[in-house]
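*Asks:* So you can see what is in the structure, the chains are spelled out below.
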Amino acid sequence: MAELEGIYTIWLRENKRFIRYRSRILTSVVTPLLWLLIFGTGLGSAIRFGGGPGGYQAFIFPGIIGQTVLFTAVFSGVSVIIDRQYGFLKEILVAPISRPSIVFGKALGISTTALIQGLILLLLSFVVGITMTPLMFIMSTVVILLISLGLAGLGLLIASFTDSMEGFNLILSFIVLPIFLLSGALFPVTNLPTWLQVAVYLDPLTYGVDALRAIILNSSVLPLYVNVAVVGLFAVAMVLLSALVFSRREQSLM
Amino acid sequence: MEYIIETKNISKHYDDFVAVNRVNLKVPKNSVYGVLGPNGAGKTTLISMLCTILRPTQGLATVNGYDIVKNPKEVRKSIGIVFQSRSLDDILTGREHLEMHASLYGVPKGLRESRLEEILDLIALGKKADEYVKTYSGGMKRRLEIGRGLIHHPQVLFLDEPTLGLDPQTRESIWEYIQKLNQEEKVTVLMTTHYMEEADKLCDEVAIMNQGQIITADSPRNLKRELKADTITVKVDHPEKFQEKAQELDFIQEMFVVGGGDETEIKLMVERGENLIAEIVKFCNQNQIFVFSIELEHPNLEDVFLKYTGRTITEGG
Chain A
1 MAELEGIYTI WLRENKRFIR YRSRILTSVV TPLLWLLIFG TGLGSAIRFG
51 GGPGGYQAFI FPGIIGQTVL FTAVFSGVSV IIDRQYGFLK EILVAPISRP
101 SIVFGKALGI STTALIQGLI LLLLSFVVGI TMTPLMFIMS TVVILLISLG
151 LAGLGLLIAS FTDSMEGFNL ILSFIVLPIF LLSGALFPVT NLPTWLQVAV
201 YLDPLTYGVD ALRAIILNSS VLPLYVNVAV VGLFAVAMVL LSALVFSRRE
251 QSLM
Chain B
1001 MEYIIETKNI SKHYDDFVAV NRVNLKVPKN SVYGVLGPNG AGKTTLISML
1051 CTILRPTQGL ATVNGYDIVK NPKEVRKSIG IVFQSRSLDD ILTGREHLEM
1101 HASLYGVPKG LRESRLEEIL DLIALGKKAD EYVKTYSGGM KRRLEIGRGL
1151 IHHPQVLFLD EPTLGLDPQT RESIWEYIQK LNQEEKVTVL MTTHYMEEAD
1201 KLCDEVAIMN QGQIITADSP RNLKRELKAD TITVKVDHPE KFQEKAQELD
1251 FIQEMFVVGG GDETEIKLMV ERGENLIAEI VKFCNQNQIF VFSIELEHPN
1301 LEDVFLKYTG RTITEGG
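Here the protein sequences line up with chains A and B, keeping their order.
According to the working numbering, the residues represented by the first sequence are 1 to 254, in order.
According to the working numbering, the residues represented by the second sequence are 1001 to 1317, in order.
Isolated chain A (complex conformation) (with noise of 0.2 Å):
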């Protein structure tokens, strides 16, 4: 029971940072949009897109919806850097509460977040000209919150490691950006080299944007199951492997 109240507690706050940060809110909607109907249009006007049904801009649009979830999770997740900063980690890492518990707390409210913005994009379909069905939303709402526990639990599993901020660009060069590119949000990943193709059925990601694409746009590389179990997995991993590694770096989180 007390450990389901520290998990509770600590995602309640995680979600109180989000609301409060108005911010973060409005240019994790006003990004997107950028994308799908700047880059999209443009885009989509100078190719002959034959990669699915309704245009390259219905194309990407799950391809955004990770996008979003992928820098919200991932970011969140790395914030725990400057909670450790500010001495705030400390309040919670001596709080009488298993490691695991902050972890779950923390990958819970990060995936909340994230699947808020999901959702305010999901509404935003129309835009791109898609129709959402409510079993498309409610389907699209597991896999977006199987997406964003993985990569909360990759950022925190990276701030467990980074002492400092300073090691932001290199995160973003290294894992954001390949994850991002990779998963073929913006372009289908067949038909591509080997070398490329090898990399993208690597990025977790790649199978949460096909599982959108297979819900949102009947349209899927892989089947829908596939995916779905493959980011379960991630999921799963990500997030026992962070719990693991706070547990035992404890000493040096403080």
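If you are wondering where the hints come from, they were derived from the structure by calculation, not from laboratory data.
Treat the hints with care, since some could be wrong.
[Unchecked claim] Each computed BS3-like pair below joins lysine-lysine, with the alpha-carbon atoms no more than 27 Å apart: (1) A:Lys-90 <-> B:Lys-1077; (2) B:Lys-1201 <-> B:Lys-1026; (3) B:Lys-1267 <-> B:Lys-1224; (4) A:Lys-16 <-> B:Lys-1127; (5) A:Lys-16 <-> B:Lys-1141; (6) A:Lys-90 <-> B:Lys-1073; (7) B:Lys-1245 <-> B:Lys-1267; (8) B:Lys-1128 <-> A:Lys-16; (9) B:Lys-1026 <-> A:Lys-16; (10) A:Lys-90 <-> B:Lys-1224; (11) A:Lys-90 <-> B:Lys-1109; (12) A:Lys-90 <-> B:Lys-1008; (13) B:Lys-1077 <-> B:Lys-1180; (14) A:Lys-16 <-> B:Lys-1134; (15) B:Lys-1141 <-> A:Lys-90; (16) B:Lys-1070 <-> A:Lys-90; (17) B:Lys-1128 <-> B:Lys-1109; (18) B:Lys-1245 <-> A:Lys-90; (19) A:Lys-90 <-> B:Lys-1267.
[Stated by the list, open to error] Per label pair, the in silico range of CB-to-CB distance: (20) B:Gln-1211 <-> A:Asn-169: 23 to 31 Å; (21) A:Tyr-21 <-> B:Arg-1086: 32 to 40 Å; (22) A:Pro-188 <-> B:Ser-1085: 49 to 57 Å; (23) B:Val-1069 <-> A:Leu-192: 25 to 33 Å; (24) B:Lys-1134 <-> A:Ile-120: 21 to 29 Å; (25) B:Leu-1060 <-> A:Phe-174: 42 to 50 Å.
Where a beta carbon is used, it is the ideal one built from N, C-alpha and C, also for glycine.
Starting from the known structure of chain A, arrange chain B on it as the hints suggest.
*Replies:* Chain B only, in chain A's frame:
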């Protein structure tokens, strides 16, 4: 006497560096106990081990009867901690900090509301309790941190340099507050400080710590009494000459030189210092030493520290 904290040869090593070296501490229940020492003496490391934040390299310690290595969770439930560095979230309100802490420490739901009011009353945040912490003054933040450490009614409250960086007025109010807590709430307080005045005024017992070791521990009154000495501080134009010639003055029990260059001060430990000032001035005249200033002080903790370590606390390091 009942002791709420006991350590046995507790040590912490970092590679070759020994931060805390075989410390034995006995903190009586319901006392205010001070660990006094310069920066880098190992005070924070010691307190971190007792709070289960750091694992000791060697030795044993119990807090509220629980072993800090074997039962960290029980220890954590028994204690409240106020860290030396700030540990607040700017974008939460004071009330939210308290609520969050109460639920993390498992304060029963039925009690939470009344505890919250009790603490808010005690730390006197007024209307600010519902504003974001980023709008608070330094003193308010400190009071909030102390209040937060108390909301689960701990047996022991650890305060690591509670008034560091606060203005004198706020410092006084924090002192009053700590005394009130100790008396009214029956909380044992273990605090570290490098302010002599703070240790002297607040603590029932003081342990003097230097370079990882506890040098001596007693009540401030006994520590000062033990000195049996007044301090005469002289500033002269030729400190080396003074030191050399002063060897022949047998009323000087001990002599220390602090500072350097123009700031060099010579401290003389003597008995009944008021009778000796004239004599010291005469001695200087005879030896053609010019006296810039001469000052007499009755013993304070600073002198105790000087006696045991051969330097002032602010020289530190």
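*Asks:* With reference to the structure, classify each hint as holding or not holding.
*Replies:* Verification of the hints:
1. A:Lys-90 <-> B:Lys-1077: 15 Å, holds
2. B:Lys-1201 <-> B:Lys-1026: The hint holds at about 20 Å.
3. B:Lys-1267 <-> B:Lys-1224: Between B:Lys-1267 and B:Lys-1224 the Cα gap is close to 16 Å, so the pair holds against 27 Å.
4. A:Lys-16 <-> B:Lys-1127: Status holds; Cα separation ~20 Å.
5. A:Lys-16 <-> B:Lys-1141: Holds, at about 20 Å.
6. A:Lys-90 <-> B:Lys-1073: 15 Å, holds
7. B:Lys-1245 <-> B:Lys-1267: Distance of about 15 Å is within 27 Å: holds.
8. B:Lys-1128 <-> A:Lys-16: 18 Å, holds
9. B:Lys-1026 <-> A:Lys-16: 43 Å, violated
10. A:Lys-90 <-> B:Lys-1224: Distance ~37 Å between A:Lys-90 and B:Lys-1224 Cα, so the pair is violated.
11. A:Lys-90 <-> B:Lys-1109: 24 Å, holds
12. A:Lys-90 <-> B:Lys-1008: 26 Å, holds
13. B:Lys-1077 <-> B:Lys-1180: The given pair, whose Cα atoms are some 22 Å apart, holds under the 27 Å limit.
14. A:Lys-16 <-> B:Lys-1134: This hinted pair holds, its Cα atoms lying about 15 Å apart.
15. B:Lys-1141 <-> A:Lys-90: 16 Å, holds
16. B:Lys-1070 <-> A:Lys-90: 20 Å, holds
17. B:Lys-1128 <-> B:Lys-1109: 24 Å, holds
18. B:Lys-1245 <-> A:Lys-90: Violated. B:Lys-1245 to A:Lys-90 sits at ~55 Å, over the 27 Å cutoff.
19. A:Lys-90 <-> B:Lys-1267: Violated, at roughly 43 Å.
20. B:Gln-1211 <-> A:Asn-169: 23 to 31 Å: Check failed, 41 Å falls outside 23 to 31 Å.
21. A:Tyr-21 <-> B:Arg-1086: 32 to 40 Å: Given about 20 Å between the Cβ atoms, the range is violated.
22. A:Pro-188 <-> B:Ser-1085: 49 to 57 Å: 51 Å, holds
23. B:Val-1069 <-> A:Leu-192: 25 to 33 Å: With Cβ atoms ~55 Å apart, the hint is violated.
24. B:Lys-1134 <-> A:Ile-120: 21 to 29 Å: Check passed, 27 Å falls within 21 to 29 Å.
25. B:Leu-1060 <-> A:Phe-174: 42 to 50 Å: 45 Å, holds
In summary, the numbered hints that this structure violates are 9, 10, 18, 19, 20, 21, 23.
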